[in-house]
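Note that the protein sequences, when read in sequence, are chains Z and P. Those letters in the first sequence? Residues 1 to 112, by the numbering used here. Those letters in the second sequence? Residues 1 to 119, by the numbering used here.
Calculated directly from the structure, the hints in this document are not laboratory data. Hints may be right or wrong, so weigh each one.
As a list, the in silico DSSO-like pairs of lysine-lysine whose alpha-carbon atoms are at most 30 Å apart [claimed, not checked]:
#1 P:K68 <-> Z:K83
#2 Z:K57 <-> Z:K78
#3 Z:K83 <-> P:K71
#4 P:K68 <-> P:K54
#5 Z:K57 <-> Z:K42
#6 P:K71 <-> Z:K78
#7 P:K71 <-> P:K56
#8 P:K5 <-> P:K68
#9 P:K54 <-> P:K71
#10 P:K56 <-> P:K68
#11 P:K56 <-> P:K5
#12 Z:K78 <-> P:K54
#13 Z:K83 <-> Z:K57
#14 Z:K78 <-> Z:K42
#15 P:K56 <-> Z:K83
#16 Z:K42 <-> P:K71
#17 P:K71 <-> P:K5
#18 P:K68 <-> Z:K42
#19 P:K54 <-> P:K5
#20 P:K54 <-> Z:K83
#21 Z:K83 <-> P:K5
#22 Z:K83 <-> Z:K42
These figures come from a predicted structure and were not determined experimentally.
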Amino acid sequence: EPEVTQTPSHQVTQMGQEVILRCVPISNHLYFYWYRQILGQKVEFLVSFYNNEISEKSEIFDDQFSVERPDGSNFTLKIRSTKLEDSAMYFCASGQVRYEQYFGPGTRLTVT
Amino acid sequence: DQQVKQNSPSLSVQEGRISILNCDYTNSMFDYFLWYKKYPAEGPTFLISISSIKDKNEDGRFTVFLNKSAKHLSLHIVPSQPGDSAVYFCAATDGGLTHASGGSYIPTFGRGTSLIVHP
């Protein structure tokens, strides 16, 4: 069964550094998402991507964040100048149709 | 502002019994509701959903009930099995009312309820 994959599984970075989180969505999916979950809190929407552009973003997704789909398979989230409060699990998701979201296993980002 | 609330952080149930997970919402624009299950070290997995035009949806051992007037939904698992032990997230979306066709329908998640099913 096809699945969403994410790399790395755990990323440790120093405050102020840039990180790129990588995702390979399911191949025939059209909608792509990033979410995050700070420890003990709810899953929060960051951004959605459709037809090669951002279709929706939350208040969390400010200029510090960017997304790219550089080729036909990868979907990346870049976080510039990381802060301690960026430490969280970051989930990528994809879907073929609206309402459908298949989540990856997540990347745990630890900012020290 | 918690638009989707899961007031019970945890629930413990004996194997074979019914598990009932509750969820309340405040946004009357929500018209589609979903339940996700999450195991440790994995992402959330879609479990079951219900549209606001229905009050019940059943899929095997899982049934979701929606009470629109009370802005409340619940997930029933019968019979509960140890493998059901996971965190369950309630989510809601208003996609049919505010987004153009072809856009994304972003669910708002609750904080989750950790279900433990004891053998």
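Hint by hint, here is what the structure shows:
1. Distance check on the hinted pair: P:K68 and Z:K83 sit about 41 Å apart at the alpha-carbon level, beyond 30 Å; violated.
2. Simply put, Z:K57 and Z:K78 have alpha-carbon atoms about 14 Å apart, close enough for the 30 Å limit, and the pair holds.
3. For the proposed pair Z:K83 and P:K71, the alpha carbon gap of about 37 Å is over 30 Å, so the pair is violated.
4. A hinted pair counts as satisfied when its Cα atoms are at most 30 Å apart, and P:K68 with P:K54 qualifies at roughly 9 Å.
5. With a C-alpha separation of about 17 Å, the suggested pairing of Z:K57 with Z:K42 holds against the 30 Å cut-off.
6. The hinted pair formed by P:K71 and Z:K78 fails the criterion: a straight-line CA distance of about 37 Å is larger than 30 Å.
7. Taking the CA atoms of P:K71 and P:K56, the gap is about 14 Å. The hint holds against a cut of 30 Å.
8. The straight-line distance between the Cα atoms of P:K5 and P:K68 is roughly 15 Å, inside the 30 Å bound, and the hint therefore holds.
9. Distance check on the hinted pair: P:K54 and P:K71 sit about 13 Å apart at the alpha-carbon level, within 30 Å; holds.
10. Pair hint P:K56 plus P:K68 holds up; C-alpha atoms about 11 Å apart against a cutoff of 30 Å.
11. Of the supplied pair hints, the one linking P:K56 and P:K5 holds, its CA atoms being roughly 20 Å apart against a limit of 30 Å.
12. A C-alpha spacing of about 40 Å is found between Z:K78 and P:K54, which places the hinted pair above 30 Å, so the restraint is violated.
13. Restraint check for Z:K83 and Z:K57: the C-alpha separation of about 20 Å stays at or below 30 Å, so the hint holds.
14. Between Z:K78 and Z:K42 the alpha-carbon distance is near 21 Å, which keeps this suggested pair within the 30 Å criterion.
15. Between P:K56 and Z:K83 the alpha-carbon distance is near 44 Å, which puts this suggested pair outside the 30 Å criterion.
16. For the given pair, Z:K42 sits about 19 Å from P:K71 by alpha-carbon distance, which is consistent with the 30 Å threshold.
17. Between P:K71 and P:K5 the CA atoms are separated by roughly 11 Å; this keeps the pair inside 30 Å, and the hint holds.
18. A threshold of 30 Å between alpha carbons decides the hint, and for P:K68 with Z:K42 the separation of about 23 Å falls inside it, so the pair holds.
19. The suggested pairing of P:K54 with P:K5 holds, with an alpha-carbon distance near 21 Å, which does not exceed 30 Å.
20. For the given pair, P:K54 sits about 44 Å from Z:K83 by alpha-carbon distance, which is inconsistent with the 30 Å threshold.
21. Restraint check for Z:K83 and P:K5: the C-alpha separation of about 28 Å stays at or below 30 Å, so the hint holds.
22. Simply put, Z:K83 and Z:K42 have alpha-carbon atoms about 19 Å apart, close enough for the 30 Å limit, and the pair holds.
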